[in-house]
Structure formats: structure tokens, C-alpha cells
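> Now for the letters of each chain:
2 protein chains.
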Amino acid sequence: MKEFDFIKIASNIFRKKKEEVIAGAGEDDCAVVRVNDKYLLFTADSLHEKTDFPKQMLPLEIGHMALAVNLSDLAGSGAKPEYFLYTISLREGIDEEFFSQILTGIKNLADKYDVGVIGGDIDFADELYISGFAAGFAERFVLQSGARPGDKVWMTDITGKAQLALEMLFSGKERDEVPFIKSLLTPEPRIDEGLKASSYASAMTDISDSLAISLNLIARKSGVKIEILEDLLDLSELTEIVNYNKALELFLYGGGDFELVFTAEEDEDINGMEIGKVEEGEGVKLKRKSGGSVEVQFRGYSHF
Amino acid sequence: MKEFDFIKIASNIFRKKKEEVIAGAGEDDCAVVRVNDKYLLFTADSLHEKTDFPKQMLPLEIGHMALAVNLSDLAGSGAKPEYFLYTISLREGIDEEFFSQILTGIKNLADKYDVGVIGGDIDFADELYISGFAAGFAERFVLQSGARPGDKVWMTDITGKAQLALEMLFSGKERDEVPFIKSLLTPEPRIDEGLKASSYASAMTDISDSLAISLNLIARKSGVKIEILEDLLDLSELTEIVNYNKALELFLYGGGDFELVFTAEEDEDINGMEIGKVEEGEGVKLKRKSGGSVEVQFRGYSHF
Numbered sequence: 000m001k002e003f004d005f006i007k008i009a010s011n012i013f014r015k016k017k018e019e020v021i022a023g024a025g026e027d028d029c030a031v032v033r034v035n036d037k038y039l040l041f042t043a044d045s046l047h048e049k050t051d052f053p054k055q056m057l058p059l060e061i062g063h064m065a066l067a068v069n070l071s072d073l074a075g076s077g078a079k080p081e082y083f084l085y086t087i088s089l090r091e092g093i094d095e096e097f098f099s100q101i102l103t104g105i106k107n108l109a110d111k112y113d114v115g116v117i118g119g120d121i122d123f124a125d126e127l128y129i130s131g132f133a134a135g136f137a138e139r140f141v142l143q144s145g146a147r148p149g150d151k152v153w154m155t156d157i158t159g160k161a162q163l164a165l166e167m168l169f170s171g172k173e174r175d176e177v178p179f180i181k182s183l184l185t186p187e188p189r190i191d192e193g194l195k196a197s198s199y200a201s202a203m204t205d206i207s208d209s210l211a212i213s214l215n216l217i218a219r220k221s222g223v224k225i226e227i228l229e230d231l232l233d234l235s236e237l238t239e240i241v242n243y244n245k246a247l248e249l250f251l252y253g254g255g256d257f258e259l260v261f262t263a264e265e266d267e268d269i270n271g272m273e274i275g276k277v278e279e280g281e282g283v284k285l286k287r288k289s290g291g292s293v294e295v296q297f298r299g300y301s302h303f
Numbered sequence: 000m001k002e003f004d005f006i007k008i009a010s011n012i013f014r015k016k017k018e019e020v021i022a023g024a025g026e027d028d029c030a031v032v033r034v035n036d037k038y039l040l041f042t043a044d045s046l047h048e049k050t051d052f053p054k055q056m057l058p059l060e061i062g063h064m065a066l067a068v069n070l071s072d073l074a075g076s077g078a079k080p081e082y083f084l085y086t087i088s089l090r091e092g093i094d095e096e097f098f099s100q101i102l103t104g105i106k107n108l109a110d111k112y113d114v115g116v117i118g119g120d121i122d123f124a125d126e127l128y129i130s131g132f133a134a135g136f137a138e139r140f141v142l143q144s145g146a147r148p149g150d151k152v153w154m155t156d157i158t159g160k161a162q163l164a165l166e167m168l169f170s171g172k173e174r175d176e177v178p179f180i181k182s183l184l185t186p187e188p189r190i191d192e193g194l195k196a197s198s199y200a201s202a203m204t205d206i207s208d209s210l211a212i213s214l215n216l217i218a219r220k221s222g223v224k225i226e227i228l229e230d231l232l233d234l235s236e237l238t239e240i241v242n243y244n245k246a247l248e249l250f251l252y253g254g255g256d257f258e259l260v261f262t263a264e265e266d267e268d269i270n271g272m273e274i275g276k277v278e279e280g281e282g283v284k285l286k287r288k289s290g291g292s293v294e295v296q297f298r299g300y301s302h303f
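Residue numbers (numbering that gives the first Met the number 0), protein chains in the order written: chain R, 0 to 303; chain C, 0 to 303.
Heads up, a few of these hints could be off.
Where chains are identical, the list cannot tell them apart; a pair therefore holds if satisfied intra-copy or between any two copies.
Said to hold, decoys possible - Within a straight-line C-alpha distance of at most 30 Å, the following computed BS3-like cross-link-like pairs (lysine-lysine) qualify:
| # | residue 1 | residue 2 |
| --- | --- | --- |
| 1 | Lys284 | Lys1 |
| 2 | Lys220 | Lys79 |
| 3 | Lys276 | Lys195 |
| 4 | Lys7 | Lys111 |
| 5 | Lys181 | Lys16 |
| 6 | Lys284 | Lys245 |
| 7 | Lys17 | Lys181 |
| 8 | Lys17 | Lys111 |
| 9 | Lys49 | Lys245 |
| 10 | Lys195 | Lys111 |
| 11 | Lys172 | Lys49 |
| 12 | Lys79 | Lys16 |
Don't read these hints as lab results, they were simulated from the structure. Source: prediction; values computed, not measured.
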């Protein structure tokens, strides 16, 4: 996969880290830097029209999304987001009203989580392009590499809704006929859930490409095996619309929902949906209700 | 000017600031946030191929530039740059070697100033596009709004070299025939000079569009008049190549050099080239050797 070749080049070039940098480029959801007795976390994510904004998406939703992808990275590391900066390239045909709506989408979500939008850079190009950069603080951050045998696996909610909405939108349905349209166009970053989980999670990440990819990353970086127990899954929200096999496929491999997945020792305080367990070994398996288990592959749907 | 309309919309939408935010979106070179007894400064800048990279520019230089524009903003506020994140969109035709050279250009400059490149995001689009985000710390930051009548005006070096190089490159000259080609393609951010000036400067900014624009911003935000004294100027580096009037035009209105301009009370410790003084009033004037004075307008050359 070409993107991964480029990422490998980048990780190699920027391998050397400053002493106070705990996680650097390409290592986790966010970069983590020690500042006195706290941690400062940074993340950067870019979106552009041709691959990230379906034509049905409103400018308010584009703004929401540009901030949400960055806040979700911070949530997945257990940080409280504080500051956001953006760069935006406008193309011909984007007027002041459309631009204003994009920024209002950013502002509405920023206000909800008390995030300060403290900088921006505006220029003009052939495509609408938004890069976002967010910083947050954490008392305790959570990496993808901390899962331990004996931990359970938890999610904030099931995945698959955004992917299902995207497929229905692409099949020609109108926005208001599509279930879970909000999961696709204005996904909610799980800030509060991530902060709460940071007090007990051993490993955590936000899910943007697919649950399968997120779990494979945790398993690989933690040096453990993860087993999803089909018995524990409640996919009824999806099976109201599609058959069970399709629902399971969407749950495992669908992208676009901004849920969190984390591992933790069993604890009565845990907020979340238990879906499996961590064991010694490697890889990710799905233990079927019918007995036997199948491999959960390292793949996800790209957005479009 | 259309860009300024968009900036005005953005400043208006993000007007409300969090309590610890001293300068926010659109107010100065950088956003300034108080963190305990220090200040954390942020900046974001984006570059793209069609407007920012002349075809003669090498990928190493593209990488240098992507970081340098951000470091220069921090230098202009008196901060020590610490961390950098980027997002990059690659277009068809950019192979792994070209990509690797861009990142090496970033890395070489980052290493020089001990800046950690701690994050990146890679995707694919129709144009090469790089957004950069930099953060730094300052014990004492300097805004554009602090100039006081009685201060002198200083620069780290003359401006106009980058513009002259660009014009010669566009006239068909080869890279190695063009004087000041480094000022155009690998301008040096004035980090050390900015840090030193932060202990005595009352107002400061980096010059990227033109000296005229930078001085007009300082005059407007500080509520003062600035007078450049032609008597003090040494434009001999430029007049070796062009006539005096052209040299003066390049000095005042040329863009692309990353020098700093600052105001300060006279002090024997000051490092810099004195060019004028701050008075009560408004606007920016050039006091001619021949007597009389002319207005220095709010304009600069765009890069191309």
C-alpha cells in the first residue's frame, strides 16, 4: 500500500526524538511531550474535498469534521483538547457565505468542548483543502502500546453506522432517508469518554479507519493477542437495516465512526461496551458464537 | 482585497478568546497562550506548489521553506521554536525520492534549531500542498502592538534580496547566475536574533510580505507613526546589481526575505541595523535624504 511506504519513509527520517518527547511522528494517535508535571499532546490531520467531503455534505458539516478528526485523536489519547489552528485553501466558487459556514461549523464544535480556535491561514487553490492542528493537555495519557494479557476490551459504541450511511448515500438515497447520517457527516469526538477512560485504560485509540485496524494496531504495538467475543456483541441497531453478516462486516471493517476502543482491567467504574479480551500471543481473532474463531484482518473501508 | 475579506470573517467568528489566550487568531504573528509562568506560542502556515514553489526549487528547498515560514513567525514573536507538525498532500509524479528529499529539507533545518518534528499526516491530491504547525516557548514574547514614541526601529538585515532573486529567475536566468538565490529559496529564519531582541524589543514582527506591510502593521496596532530615515540605509548590496531607485523599491516593498523588524529604546546591547524612529501620529513615512518625506504604502509583492 503506497501510503504506508510514505509513512515509513517519514518515520525513519524523523526517528530521533528530543528528550522530553514521549511519542513522536507516526508512533501513536498524538505526539506526547512532557511539560513540567503535565503532558502536552499534539495532532495534525488534513481533509480535502475529493476524498473527504461527499457532495451532500454541508459547509457547517465540513467545518465540524475538520475539527472533529483532530479532537478525536486527542480523545483517543485521553487528552483534554485546548487549542486548534487551521489552514484552509479555498477554491473558486466558495463564496463568503460558504466560508463563513465552514468556520461556524468549527466554532460550534469548539465551543461545545471549550476549545480555543487560536490561529488560521487562508489561501486559494484548485480544491477545498483544510488542515487542522490541535493541542491538548493530559495528566495521564494512554498510548496504543499498553494492553496486557488479562485486560478486557471495551468500546464507546458500536462502529459501522457511518459506513452504512455512506453506502446508502452513494446508492442514491437522499440525506433525510439515510439512517445514522450524523455518524457519517457530524461524528461526535468522544472527548469526555476518552478523559474518563484515561484513568483506567491500559491502551486506547480512536477508530477512524475501522475497528479491525485499530485493534490490530493495539495488538501489534502491545505485543498481545486480542480476541473479540461474538457472544458479547449487540449489533441490533445495524441488523434493523441489514442482515447479520453485513452488520458484522460493517462493525469490524467500516470506517468513519469516531468511537474509542480501549483495554482495561475489569473494573466496576468502566463506562463502555465490553467486546472481548486480551491474551498472550499475537493478532486479532473473532471467536464465533458457533465455536471456532476467524482472523480479523488489517483492513478498513476508505471513506470514498 | 479578497483575502482580507476572508480574514475579517474569520477574525470575527473566532473573536471570543479563552482566558489564558493573550493573542488569538489573526491578531499577531503567533497565537500566545499563558501556561503556568511561561508562554506557549503557536503558528500555522501553508504553502502550495502553484503559488509558493518556483519550478526551479528543489525538494530539499521546499521542505526547508515549509518549516522556515513557521519558524520565522515564532522568531518574530521572540519565541524559541520547539515542535513542528506537518500535513502533506502528494500529487502524481512525486516519487519516494522526491518525498524523502522534502522531509530531509524539513529535518535539516529542524535539527539546526533543535526543533522536534513530532507529527505528520500524508495524503494524495492534485497538487503538492504542505501545511505546517509550529509551537514554541517564550519567557517574554513580543507583539506588533508595543511600539512607543521615542523608540528606534531596527532590522536584522536589509530586505529586497529575495524579490530581486525572484525577478532574475523569472527573467530566464539560471539558478547559479542569480544573486541572493538563498534569500529566495532557503531563507534563514532569524531565531537567535528574535530571541535576543525579545529582551529589549517593544514591538516586533517577521517580514514576509514586505517591510512596508510589516511597519504599517506595527504602526497601526501600536497607534504610532514610524519614520524610516533614508540617511541610515545601506542598500549597497542591492545597488551593486540595480540602480538606487529600484533598490529602494525592493527594500521597501519586496517580499520573501525572512528578516525581523523591531522597535526598541536605544540600547548599546542592540543587535541590528537601525533604520528609523517611532513618533506620535500614524502611518509610515520615508524621510528622504534630499529633505521632505513620502508615504510608505501598505503593499508588497506577492511571491508570484
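> A separate judgement is required for each hint: does it hold in the structure or not?
Quick rundown of the hints versus the structure:
no.	hint	in the structure
1	Lys284 / Lys1	within (26 Å within a copy, 55 Å between copies)
2	Lys220 / Lys79	within (24 Å within a copy, 34 Å between copies)
3	Lys276 / Lys195	within (20 Å within a copy, 56 Å between copies)
4	Lys7 / Lys111	between (36 Å within a copy, 23 Å between copies)
5	Lys181 / Lys16	between (39 Å within a copy, 29 Å between copies)
6	Lys284 / Lys245	within (18 Å within a copy, 72 Å between copies)
7	Lys17 / Lys181	between (40 Å within a copy, 29 Å between copies)
8	Lys17 / Lys111	between (34 Å within a copy, 13 Å between copies)
9	Lys49 / Lys245	within (27 Å within a copy, 45 Å between copies)
10	Lys195 / Lys111	within (17 Å within a copy, 40 Å between copies)
11	Lys172 / Lys49	within (20 Å within a copy, 38 Å between copies)
12	Lys79 / Lys16	both (24 Å within a copy, 17 Å between copies)
This entry satisfies every hint, going by the numbered hints stated previously.
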